[in-house]
Amino acid sequence: MNKHVFLDNLTAAIGALLAGKKKFFAKSIISPSFEEHLKSIEIKMPEINKEGTYDINAKTLVGMTNPAFKVAKWIGHDYPTIIYHHGNNERPFDFNRSAKNTFANIFIKTKEDIRTNLIVVRAPFHNNSLKVYQEKMTELKNFTAMIAVSVKLNEEIISVLRKKNNTSIITSGISLGGWVTNLHRSFYNTSTAYVPLLAGTFLGELFLKSKYKKLTSKLALQQPKKIRELLNFNNFYKKIKDQNVFPLLARYDQFIEYDVEKVSYEGYILKTIEGGHVTGSLETKEELRYHILEVLNNILEI
Numbered sequence: 130m131n132k133h134v135f136l137d138n139l140t141a142a143i144g145a146l147l148a149g150k151k152k153f154f155a156k157s158i159i160s161p162s163f164e165e166h167l168k169s170i171e172i173k174m175p176e177i178n179k180e181g182t183y184d185i186n187a188k189t190l191v192g193m194t195n196p197a198f199k200v201a202k203w204i205g206h207d208y209p210t211i212i213y214h215h216g217n218n219e220r221p222f223d224f225n226r227s228a229k230n231t232f233a234n235i236f237i238k239t240k241e242d243i244r245t246n247l248i249v250v251r252a253p254f255h256n257n258s259l260k261v262y263q264e265k266m267t268e269l270k271n272f273t274a275m276i277a278v279s280v281k282l283n284e285e286i287i288s289v290l291r292k293k294n295n296t297s298i299i300t301s302g303i304s305l306g307g308w309v310t311n312l313h314r315s316f317y318n319t320s321t322a323y324v325p326l327l328a329g330t331f332l333g334e335l336f337l338k339s340k341y342k343k344l345t346s347k348l349a350l351q352q353p354k355k356i357r358e359l360l361n362f363n364n365f366y367k368k369i370k371d372q373n374v375f376p377l378l379a380r381y382d383q384f385i386e387y388d389v390e391k392v393s394y395e396g397y398i399l400k401t402i403e404g405g406h407v408t409g410s411l412e413t414k415e416e417l418r419y420h421i422l423e424v425l426n427n428i429l430e431i
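Each residue of the sequence shown is one higher than the last, beginning at 130 in our numbering.
The set of hints was computed from the structure by calculation and includes no laboratory data.
These numbers were taken from a predicted model, which means no experiment stands behind them.
Incorrect hints may appear among the rest.
Below, simulated SDA-like cross-link-like pairs (lysine to any residue); rule was C-alpha separation at most 20 Å, straight line [to be verified]: (1) K199 to R220; (2) K347 to I143; (3) K354 to I158; (4) K229 to L139; (5) K270 to E171; (6) K150 to K260; (7) K238 to R220; (8) K238 to L411; (9) K414 to L146; (10) K179 to H206; (11) K347 to I158.
With these hints in hand, go ahead and build the complete structure from the sequences.
This is the structure we're talking about:
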């Protein structure tokens with residue numbers, strides 16, 4: 130067993146232990162679809178023209194939620210923008226050295242001069258404690274709402290930016306943020322390019338087949354058809370024919386399984402890194418940054 134597999138397995142085991150009875154969807158697997166969520170979400174957007182944190186109130190089918198976004202770098206409406214979505218249980222606005230923050234690792238903690246506007250989205254339920262987050266995730270409807278709100282907020286950010294200028298916009302994200310990226314393409318497809326990292330379109334398989342299923346409740350595992358119907362969205366994704374997606378997967382990922390998720394990207398150029406989910410997130414920041422910026426440079430040349 131290589132270190133990539135070992136660390137993923139260890140992370141899943143520790144996560145299951147910490148979750149205890151509060152595993153994913155332990156209380157309920159009843160939920161609206163992503164499409165139903167997206168149609169119902171109401172968000173009032175501010176103007177975007179300076180750096181800072183923007184707290185948002187989003188009205189949803191599960192009540193009011195509290196996403197936010199941070200403009201970490203603003204150089205003007207005439208420049209391209211990268212909108213980044215964080216991974217599960219990250220704190221995307223915390224740029225301290227010890228913080229779990231892939232956005233900071235990729236874009237902030239570098240000497241490279243990135244000549245773009247940089248925006249990071251914080252999903253609902255990610256501004257509280259792990260205990261509160263785990264409690265929310267015991268109901269599937271909260272999980273689907275969380276993702277749908279981030280998708281909708283991404284679309285609202287794009288709409289605000291495009292009112293000022295039609296410059297290039299990249300939507301990207303890792304793990305949880307990668308699912309958000311792909312769902313936005315499935316239902317809106319308004320970004321110039323999409324760069325999903327360590328994610329695909331078979332979200333249900335994460336909870337049903339991968340090593341991550343250790344964190345899935347018995348209630349959910351006993352009704353795989355229902356989970357797949359609500360979470361897998363490959364049928365929506367494959368309807369989009371634009372050559373605007375530039376995915377990255379890790380060969381030894383035990384959560385976002387390579388052989389499962391690569392099917393999502395048939396017909397597209399797939400970047401593969403030699404890592405797992407944990408090592409791919411934490412040890413390959415230069416590769417992730419290079420991949421995103423390479424996509425940016427390529428679309429600017431078109």
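Here is how each hint holds up against the structure:
no., hint, verdict
1, K199 to R220, "holds, 12 Å"
2, K347 to I143, "holds, 18 Å"
3, K354 to I158, "holds, 11 Å"
4, K229 to L139, "holds, 17 Å"
5, K270 to E171, "holds, 17 Å"
6, K150 to K260, "holds, 12 Å"
7, K238 to R220, "holds, 15 Å"
8, K238 to L411, "holds, 13 Å"
9, K414 to L146, "violated, 28 Å"
10, K179 to H206, "holds, 10 Å"
11, K347 to I158, "holds, 11 Å"
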